[in-house]
Amino acid sequence: MSDQTMIELRRLHRTFGRTHAVNDISFEVYAGEVLGYIGPNGAGKTTSMRILSTLDIPSRGDAYIDGFSVLNDPDRVRCRLGFMPDAYGTYANVNCHEYLDFFARSYGLLGPDRDRAIRRVMAFTGLDVLADKPTRGLSKGMKQRLCLGRALLHDPPVLVLDEPAAGLDPRARIELREMIRNLASQGKALLISSHILTELAEMCDRVAIIERGCLLAMGTVEEIQRKVRPHREVVARTLPGATEAACQWLAGQAGISNVQAVEQVIRFAHQGTEEDEANLLREMILAGLRLSEFASHAISLEDVFMHVTRGEVQ
Amino acid sequence: MAQEISPFAPAERPALAPDSFWQQMDRRLNRWSEWLNPILVKEARQAFKSNQFLITFLLLLVFGWAWSIIGVVAQMPHVQFGSGASVLLGGYFLILALPILLVIPFSAFRSLAAEREDGTFEILSITTLTARQIVLGKLASAVLQMMVYYSALSPCIAFTYLLRGMDVVTIGVILFYTFVISLVLCCFSLLVATLTRSRHWQVLLSVGLVLVLFVVGFIWIMSVFEGFLDSGLSMPVHEPEFWPVNWTLVTGAVALCVLFVVIAQGQISFASDNRSGPIRRVLLLHQFVTLAWITYWQVTIQEEEYLMVMFGFAAAYWMLAGSLLTGESARLSPRVKRQLPQTWVGRMLFTWFNPGSGTGYVFAVVNLLAVLVYFLVMGYATTVFGNGRFNADAKWLSFMLLTWCYVTIYLGISRLIVYSLRSYIRPNLFLSLVINILLAILGCAFPFLVELLINGFTPPEYTPLQFTNWIWTLVITGDKDIWSHPVVPILLFVGAGFVGLLQLLTMQQELWQSRAMTPLRVTQDDAAKHPSSHEPERSDPWD
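Residue numbers (the numbering used here), protein chains in the order written: chain A, 1 to 314; chain B, 1001 to 1543.
Simulated from the structure, these hints should not be mistaken for lab results.
The structure displayed is predicted, hence computed values, not measured ones.
Note that CB positions come from ideal geometry on N, CA and C, so glycine has one too.
There could be a bad hint or two in this list.
Stated by the list, open to error - As a list, the in silico BS3-like pairs of lysine-lysine whose alpha-carbon atoms are at most 27 Å apart: (1) A:K143 to B:K1049; (2) A:K133 to B:K1049; (3) A:K143 to A:K133; (4) B:K1049 to A:K140; (5) B:K1529 to B:K1337.
Claimed, not checked - Not everything, but these chain A residues come out facing chain B in the computed CB check (under 10 Å): (6) S53; (7) N93; (8) C147.
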């Protein structure tokens, strides 16, 4: 990941009547970075992605792709951006090769460049075996590959993917994840929205959480976790008869709270880093507490999401 | 599916077997198609594989051949020496007119409307294709289909020419104008397809469009049958007016097509683009083309009423155009501001091409004034140098001046209404048009009803109270002498001046727009694309 800013939202606003679909959102995505864009339905993800893709205009603020304003230089933005919308149509009486050929021509690719781009994109998305198949007869997963292929045809440095994994079977999702990591390793900046948070957590370098048009949190999952829940939940199991002593010992330690015991299992909140946790374990053993298990629960993206958002719609 | 292949690594050349003739031909055609509009290539591929085209084409062929047999059999045994060409051509014309005047324009409409309904238009609009390429690609595809249909029936039409009763010029002119009308209808259909994205409005518009296509098609078919096929008349190709009339019609049709295409492309272009400027340029082009033909026909005809009627058309044209232009918002995007002229001369001449209700008002009113001045010069020149049939007099001059005053006043008042509404709502062009129409109706109906009430429902005589009644006042001006009621022209002159002054006071923001700087990133990008070129220095007064 480099520090070259490829996507920048600067105080972006979009209103529809009285509804504030996007409300003062600012963030940046760097080259080679995958940013997960998450939020409940109606949070403003698609609206901001449509603005980035020059399909809509902001009411206030601006967005930039590789330094070009989407509002004032849409033609330059379009050369540098591949967009995969959440709903995409296909043409009747057109096969996969013709579909890609048409869009390659539309992006100004001519002659051998066009043939090469189509061939490579078909190989990359696994559509080469379906070149002659009509696009209307493709399955949802195949249509999604076709749409991703279309977005990649002109080799854009920025990709905006709106719900790319929706409706895909498990194998296709794993393959999509690999493809996205592969594209990021080529230096492309990717902004991806999805409701499948486990998938996003695995493929994204950072996430941005929005709700009701406002950016609630942004950073790596760990960074957000530290901001929203500064403690880690730790579970320790003692040998029979040692539980009470362990609870008393823990209650007297700094940075530990909410100690609860159920039979031999003790749960408590620990404020500190992983290293602090390792020190705590060592001190417990040195204190003569007889532990059979000690585990801290790393907070998942789903936990972060549920903690940050309220599930409100507008 | 994910393979360890970069999609953009250089391609290796696989060893290929020698190509067959058809493969070579396919590759050659593919290379030629590089020069074509991508939309045309895609649409042609789609159209030629579609059931609609297949069925229409087959029906055309079947009906064409069936009519050939029926027509010949029905005229036996005189077919070899009788004049049966018009009967056969009538049948072929009907068979051709249906797809050309109805199916193809409607397909053009559906082709663009379906892109917007299916969501494919969005992915199309984020490519590097311009709005103009999209509209022209759709139009070119329609023209291609027309060519195919014409080709399919060309053997039958050639057969008609072999029979007696129709000359080749008449056949050619009928087919040519059918093509021209279809072209205009296709442009109109594409414009209609861009008017709304809402599905229910699209349905309503499509019904309206079908009605328009039927009416226009019916009128043209009936005209051809009445004018040529039933009467057996030929084109008066040796008449001196034949070519000028045809050139007038063709240039008019082309100008109309250009206007429809420019409006359609404005409708689908990006929001921060200058949508109004190109339309205004086309309106100006219309003005020049029309004035050129009016001049030619004035020299030829030299009738008194001719210029008055033509000025009436010009006033209606600028009233309609002005109604739409005065509904525009004056907010210019930084993108548009980068192109604004900077010099005094440039600003004075080209500010009126910027989007905005005030500039739109001045553009319409000044253009009509230019027509008036030109007609004045032409009228007096004809009086002096003409054949004596034309005499420029006060009645003729008063009619044009008062018509201009009415346009200035009504457009100005409606602009002020739209201008004040802008604080509360976001008025669009349609609202502005409706306000203009309502004002024009009220201006006539209100004083008339008032006088009707005063006179106890007996038809009133014309009085100065009717000065807002533009229909009655202009009829009086054209027929009699409006100067018998001198207060009316005086009121109209003062009113036009006052309303015009009010416009100038409310359009300062539009006049003071200044050029925005091109961002550094854009300049850098241009420099990277064209390393040898440098920023041209301003060297002409128009920039």
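So, going through the hints one by one against the coordinates:
{"no.": "1", "hint": "A:K143 to B:K1049", "verdict": "holds (21 Å)"}
{"no.": "2", "hint": "A:K133 to B:K1049", "verdict": "holds (14 Å)"}
{"no.": "3", "hint": "A:K143 to A:K133", "verdict": "holds (11 Å)"}
{"no.": "4", "hint": "B:K1049 to A:K140", "verdict": "holds (23 Å)"}
{"no.": "5", "hint": "B:K1529 to B:K1337", "verdict": "holds (23 Å)"}
{"no.": "6", "hint": "S53", "verdict": "holds (6 Å)"}
{"no.": "7", "hint": "N93", "verdict": "holds (4 Å)"}
{"no.": "8", "hint": "C147", "verdict": "holds (8 Å)"}
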